[in-house]
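Participant: If you want the building blocks of each chain, they are given just below.
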Amino acid sequence: MKIENLTIESAHKGLKNGDFTSVELTNAYLQKIEEKDGEIKAFVTVTKDLALRQAKEADEMIKRGEMTMLTGIPCAFKDNYLIEGEKCTASSRFLENYIAPYNATVVEKLKKQGAVFLGKTNLDEFAMGSSCEKSAFFKTKNPKDLERVPGGSSGGSAAAVSSDMCIYALGSDTGGSIRQPASFCGVVGFKPTYGTVSRNGIIAFASSLDQAGPITKNVTDAQIVFEAIRGRDEYDSTTVEHAEEESNSFKIGVPKEYFVDGLDKEVEKSIREAIEQYKKMGAEIVDISLPHTEYALACYYIIAPAEASANLARFDGLRYGQNVDGIISNRTKYFGSEVKKRIMLGTYTLSSGYYDAFYKKALKVRTLIKNDFDEAFKKVDVILGPTSPCLPFKIGEKQEDPMAMYLSDIYTVSVNLAGLPAISIPFKTEGLPIGIHLIGQSFREKELLKIANNYDR
Amino acid sequence: MISSEEIKNIAKLSYLEINDDEMEEIRNSFSSILEYIKKLQELDTDDIEATPSIIELESVMREDIAKDNNGDLINAFSRSKNNYLEVKKILYNED
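Residue numbers (this note's numbering), protein chains in the order written: chain D, 202 to 658; chain L, 37 to 131.
Simulated from the structure, these hints should not be mistaken for laboratory data.
Each hint should be verified, as a subset may be incorrect.
Taking beta-carbon pairs under 8 Å as the criterion, some of the chain D residues facing chain L (in silico) [claimed, not checked]:
| hint | residue |
| --- | --- |
| 1 | 247 |
| 2 | 251 |
| 3 | 395 |
| 4 | 603 |
| 5 | 604 |
| 6 | 655 |
Values in this document were obtained by computation on a predicted structure and should not be read as measured data.
From the three backbone atoms N, C-alpha and C, an ideal C-beta is built for every residue, glycine too.
Throw the hints in and build the complete structure from the sequences for me.
Facilitator: So, in structure tokens, the structure goes:
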């Protein structure tokens, strides 16, 4: 069967009409992974037995008339989501042989709907990176150009969706890790508001920033997955339930600070074109200012490593993970260099003598960044800009200088600092993929997705 | 440029060891990141409140009763005895 360009919606229709069964659909994707993943290297683990078992169950559910939009639809998870009985590595040697003892809440929710889990996708080790080159196992390639990176850290998920090795995938986003790889691979990546989706069972990176979300073929699919995974969870105390009012307002803010030096000319041209297209659709375009934009990345590179240094303290090799000869040896031997660097950076900025100058200062600057957005959203419904300042870069291109790599997150990190929902949608182009970044107001994802869908349709 | 001694001390606090081969690379990248994050000092934040989290967290209380008691958690331990985690002795008598 032909699976290219299937979406959740179209595959659901096919299953519902009896054009194919979930077992047939699942086998087609497993076949595709077998043919294609040798080249792309998106998957760390393919969970073939689990997928076929789930597909059979899904077909039973469909027969019984218990079908939801996601029943029988094959998907993939970033390898930092726990699936009971399957390996969960976070693309780290430290967890190379770790078997998850329970399901993440998101996994459990999708399982109840009869979703089919094809496997676990590659990431930068512990989600720390923007290119998937920091995976301890192998580098994933960008399906649109095999010499280039797929972005990161959810690069395996984005590459898998982009190359039709699954219909949708789950990612996690601490500073852009869903949106930037979606942008690089020409697919949709959606980070919901902080607190809308449970992180229980997702390996923590920086807990005040981490949020789970989908990578999909289009905006409608992102909405379907979001509705399935959202909601309060007693195992994640940050989750809240929120009802959203309908809105028909269509005001798009364009921050002048997003169009400055360092933005690739081709990206800029495309984003300006997208703004014109929105204008034609009837959107009111409003010039706005987010004056603290230039401080967001520095703020992020204090807060995220600080929280990571605390979160990764649990990796001692005693309760799980590699155990060779004591805590220091385990960590020294099995953590990669980027992970060590960030743990040490966080330890440094939290240590006595530096706490006020770095960590506390960053928490205050975070307030200023959040206030900028609050002010802007008094005037507009969403904010539009580029997802990444650059086109997908070549493998190895940004290895030397850590700051060159970090700068590719410059537009996405402020969103996590302010806890806002944001989505990257592909600009329509024949060239290398470019992402349009739309930022919404807290807990107003419907409005954001509606405006995103206007372009995506 | 941050000194090797300082890096060694931070590594120790982080339960890590940095060998001599890695030292130069770590010092270089640490220094360039520290230089970059110093940018925040340009801002006057004396009257600004800190935002540690976007959501106001409330403590959630529950009865202290185990649920979802999952033996697989114990299977992941590197060493266990009678369903307890077994570790090296860390407290000794003085004599």
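Participant: Answer holds if the nearest beta-carbon of chain L is closer than 8 Å to that of residue 655/D; otherwise answer violated.
Facilitator: Check failed: Cβ of residue 655/D comes no nearer than 27 Å to chain L, outside 8 Å.
Participant: Can the hint on residue 603/D be confirmed by a CB-to-CB distance to chain L that is less than 8 Å?
Facilitator: Given a least distance of 5 Å, the restraint on residue 603/D holds.
Participant: Is the interface hint satisfied for residue 395/D? The criterion is a beta-carbon contact with chain L at less than 8 Å.
Facilitator: Interface hint status for residue 395/D: holds (5 Å vs cutoff 8 Å).
Participant: Does the closest beta carbon of chain L sit nearer than 8 Å to the beta carbon of residue 247/D?
Facilitator: Violated: closest Cβ of chain L sits about 22 Å from residue 247/D, beyond 8 Å.
Participant: Hint residue 251/D vs chain L: min CB-CB distance below 8 Å?
Facilitator: violated (16 Å)
Participant: With 8 Å as the cut and Cβ atoms as the points, is residue 604/D at the interface with chain L?
Facilitator: Hint on residue 604/D: holds, closest Cβ of chain L at ~6 Å, below 8 Å.
Violated hints, in rising order: 1, 2 and 6; the structure is consistent with all others.
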